[in-house]
Structure formats: C-alpha cells, structure tokens
Amino acid sequence: AQRVTQPEKLLSVFKGAPVELKCNYSYSGSPELFWYVQYSRQRLQLLLRHISRESIKGFTADLNKGETSFHLKKPFAQEEDSAMYYCALSPLEAAGNKLTFGGGTRVLVKP
Amino acid sequence: EPEVTQTPSHQVTQMGQEVILRCVPISNHLYFYWYRQILGQKVEFLVSFYNNEISEKSEIFDDQFSVERPDGSNFTLKIRSTKLEDSAMYFCASSMTGSTDTQYFGPGTRLTVL
Numbered sequence: 001a002q003r004v005t006q007p008e009k010l011l012s013v014f015k016g017a018p019v020e021l022k023c024n025y026s027y028s029g030s031p032e033l034f035w036y037v038q039y040s041r042q043r044l045q046l047l048l049r050h051i052s053r054e055s056i057k058g059f060t061a062d063l064n065k066g067e068t069s070f071h072l073k074k075p076f077a078q079e080e081d082s083a084m085y086y087c088a089l090s091p092l093e094a095a096g097n098k099l100t101f102g103g104g105t106r107v108l109v110k111p
Numbered sequence: 001e002p003e004v005t006q007t008p009s010h011q012v013t014q015m016g017q018e019v020i021l022r023c024v025p026i027s028n029h030l031y032f033y034w035y036r037q038i039l040g041q042k043v044e045f046l047v048s049f050y051n052n053e054i055s056e057k058s059e060i061f062d063d064q065f066s067v068e069r070p071d072g073s074n075f076t077l078k079i080r081s082t083k084l085e086d087s088a089m090y091f092c093a094s095s096m097t098g099s100t101d102t103q104y105f106g107p108g109t110r111l112t113v114l
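Those sequence lines, one after another, are chains A and B. Just so you know, we're using our numbering here: the first sequence kicks off at 1 and counts up by one. Just so you know, we're using our numbering here: the second sequence kicks off at 1 and counts up by one.
By construction, these hints were calculated from the structure, which means they are not laboratory data. Values in this document were obtained by computation on a predicted structure and should not be read as measured data. Ideal Cβ positions, reconstructed from N, Cα and C, are used throughout, including at glycine. Among the hints, erroneous ones may be present.
[Claimed, not checked] Here are a few chain B residues that face chain A, going by a calculated C-beta distance under 8 Å:
no., residue
1, 31
2, 45
3, 98
4, 100
5, 107
If we strip away everything but chain A, and leave its shape as in the complex, we get:
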C-alpha cells in the first residue's frame, strides 16, 4: 500500500522569503511523484512531477529515495503562490494510474 504524508497543514511566509513544503511517502515499489496545486476557487492542477524534472513558476522538487521525500521548494515566494498544495504518488508499475494524495499544505504568502 502507498501513503503520502504532508506534515504541515499551514505554511505562512512573507513575500520574497523561501518556502519549502515537505512531502514524505511510503511505497515498496517505484513511485512517480507529483505536486498538484489548487488556487482559490480553481480546480486541482498539476504543478510539477518528478519525471519531467522541470521548474514551474520557480518551484522545484527533488525525489530523495533514501529519505522517501519529494519536498517542494521556491527560493522567493510571491503572493500569487498562496494556494493549497498537494503531494501525490502513483505507482510506476501499475497501469491503473491511481493517485494517492497527501493531506495538503495551505501556503499563505503575506505582503
């Protein structure tokens, strides 16, 4: 069984400060990891995923298999980054593509 944990329910930072959202997972096989974001009154949308190794809106995430983590980082937070962020896992071996989500972290960027 797979599990995703986001230990922080709320992160409050000032504009221009770094922000790091923690995500830890447990899964015995090979996972693909995702970060989804939900802005106010909008739908869940993909922010980034491990396999593409992109930086989106200044965010990056590194998969650390030793620590089973996929933390999301941004060096300089902007007010428009205020949103709910969800870490999610999908097993690479499975064809069904089921996503297992963490509980989410609400990010509030203060001016």
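Mind docking chain B on chain A? Use the hints.
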C-alpha cells in the same frame, strides 16, 4: 485549452436517494477517474475506468457505487442509496494514457446528503 467539466456544481439530496454525478472528460483522453474529498480530509481515489470497464477501485467503491460511460462524451458516477457519510466533494479526472500520465481534474461536485 480543453478542460474536464462536471455537473452539477452542488447537489443536495436526502439520505437513501440515488444521485448521478456527471463529468465530461477531455475529448481525446482514454482514462477516467473519480476521487472524493470529505471536508477536512484527504483527496481519496474511488475508481479508474478504461475501455468501458473498471481498471481499479478502492475499498470505498462498494456496491452502492457504479460508473458508466453512457455515450462518447459523458462519464457518470452513481450512488444508489446515499448515506450521510457520502457528503463530500467529488472530483472527476481524465488522462490520455494510464501509467502515471498527468491527470486533469474537473472543478468538482459538492454532494450534500441530508
């Protein structure tokens, strides 16, 4: 840009009634999903659907639930006899392929069971 749509945005029903939640996935996508989020809890997988059959379902997806693709565009979730604990936000998603392909989510239907 194509989007997943869901109707209605909010459904209120009495306990024991049947509800059908509707979704229109992105047109060239082949894999369809339902998730739900009870208030204050995690987004939970319910079911995935491909080639007109269920490919995976969770423990939550019991005999009260069913899914259907009645035509070439709609994907529905039916709850036969709603319970209070079915109150949640229900999200539909679709992806072009399976196997970790990006899933695109609809805006959700808020189901309230009284």
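(message) When the structure is checked against the list of hints, which entries are broken? Sort them ascending.
(response) Of the numbered hints, all hold.
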